[in-house]
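**Q** Sequence:
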Amino acid sequence: MIKTTTTTKTVTSETLSSPPGASPTNFLKESFKKRYGNTYAITRQLLKGIRLDEILSLRQWGDLAEFVQQERQEHFDAQKRRATYLEKKSEIETTQLKLLRGRAKTVAESRHRRKQPDVKLDLKTPEGRKQFVLDGFDRAKYNGGVVLQWFVHEMQILLPYTREMIHTLGDNLDLAHIDGSSSSKALSQYDKDIVESILIPGLEYDLNKYYLDHKQKWLTQRGPYQAVVKETMAGVTPLPYVMQTTKHKLGRRELADLIKEQVLWVRIRNIWKAKEPIQEENVQKDGGYPVAKSGGWGPDEIIYPRKYYEQFCDGEELFEGFVEIANNMLEGNTDPIDFEQFYWGESLDIATEYINGEYRRVCSELPVDYMALLKQLQEKYNAWFEEDMEKYQKLVKDLEKYKQWQHHLRGPSQARYGQVPSGDRIGKGKSLGDFMKEAGFKTYEFGNKYTKRLTQTLRGISEKC
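What the sequence shown shows, in full-length UniProt numbering, is residues 1 to 465, in sequence order.
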């Protein structure tokens, strides 16, 4: 019994001996399976392995206990450092952020401005309803400010006042003092009455008029959308699909599933017929290939080529043939032997026929009846076109009746503004957006989120001005 100086536990050679089948060499191999990040870590682990190999070879159990205790202490210290870092992670990141400059600082700051998940409010309580309305106003203010900034930028409206000196703060310019800027600080320099009475109504009118002109061109020149059948080469064979305008496109999921099935059976067929390792596939040491969704062996679904199974079949055939020859020699039978009776490849032939049949099936199959789908979609597009045409004719009559224009102060005095009152609309009559909303068209109101092709739309408006 040996007592070490580094621990109070009693250590014996039996408790520290390696398990059966384990050796210092195997231990080193397992240690070096880990990927180390730099040469220092590799050198450090190599020296530890050499030291451990020496200890186990000389059976120095006291040194082994000291070695184990030192390793445990290093891991414990690393865990404590990790815990301390996690406790002060925000402070450390804030300190590091102050040391950054230029683009690196911009990228780092953007990571801290990630969108926070919305808190689900209880609308059954007065506080929840009040907070819901306040949050809605905040979102509307932000969304409207983004569109207004781009609108001012595209319209090239200059600031009413610009200082003679451009002040800087570190590496960043104060954009509120740059002529032609459209940041939120720059917009705060505008007269509030001008923004609310001229810029915002003009913005709403221009966006709605742009959409209305686009709709007019579609209705009067292009006509209803025509559903057309096209082909995709994503699979093994050319597959048809129908061009559609809707977000959820009919038949596309079935088409994607069929393409995946084609690719799967092509891989299975190529692997089954392979005589040599396939370069495009991840071949294993035993000759297998992991193929997802193939139903192969193990969690990786490994399948093997026919050549892999033929070697076992040939061995069985050879063994049975030799047994038959030996029996005939003992019995003195000189009749010729029919070696076809020892054929073991029948199951392989069945598997080959099954794989070829599935391959032919997926290559000749269509996911849906495209002629029926084409007819169904075209009828739907024609109905939508007729509906939009009726809406447009009603809208044109109303606009011709009241002579609507951009800063219109006349017209019908009654308009629905929704549940939230809009005090700045009182006494101004209907806008173009109000007429379009009554007709059933999409409209833009200041505060709505408008991100889809915003720059392209505003650029088209600025070119017409």
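To be clear, the hints were calculated from the coordinates, so they are not data collected in a lab. Just so you know, not all the hints are guaranteed correct.
[To be verified] Keeping only pairs whose Cα atoms sit at most 25 Å apart, straight-line, the calculated BS3-like set for lysine-lysine is:
#1 K397 <-> K442
#2 K375 <-> K209
#3 K403 <-> K249
#4 K401 <-> K391
#5 K141 <-> K452
#6 K464 <-> K442
#7 K285 <-> K273
#8 K217 <-> K48
#9 K275 <-> K307
#10 K247 <-> K391
#11 K380 <-> K247
#12 K80 <-> K209
#13 K217 <-> K273
#14 K401 <-> K380
#15 K215 <-> K48
#16 K285 <-> K275
#17 K397 <-> K209
#18 K307 <-> K285
#19 K89 <-> K380
#20 K185 <-> K449
#21 K215 <-> K98
#22 K394 <-> K215
#23 K397 <-> K217
#24 K124 <-> K89
#25 K209 <-> K48
#26 K80 <-> K105
#27 K120 <-> K89
#28 K391 <-> K192
#29 K394 <-> K375
#30 K141 <-> K437
#31 K192 <-> K449
#32 K380 <-> K403
#33 K249 <-> K452
[Stated by the list, open to error] Pairwise CB distance ranges, derived in the manner of DEER restraints:
#34 G357 <-> T232: 51 to 61 Å
#35 L330 <-> R59: 51 to 61 Å
#36 D213 <-> Q131: 39 to 49 Å
#37 L97 <-> K249: 19 to 29 Å
#38 T232 <-> E276: 26 to 36 Å
For each residue, glycine too, the CB sits at the ideal point set by N, CA and C.
**Q** Honestly, which of those hints from before does the structure not fit?
**A** Hints 2, 3, 8, 12, 13, 14, 15, 19, 21, 24, 25, 26, 27, 28, 29, 32, 34 and 37 are the ones this structure does not satisfy, whereas the remaining hints hold.
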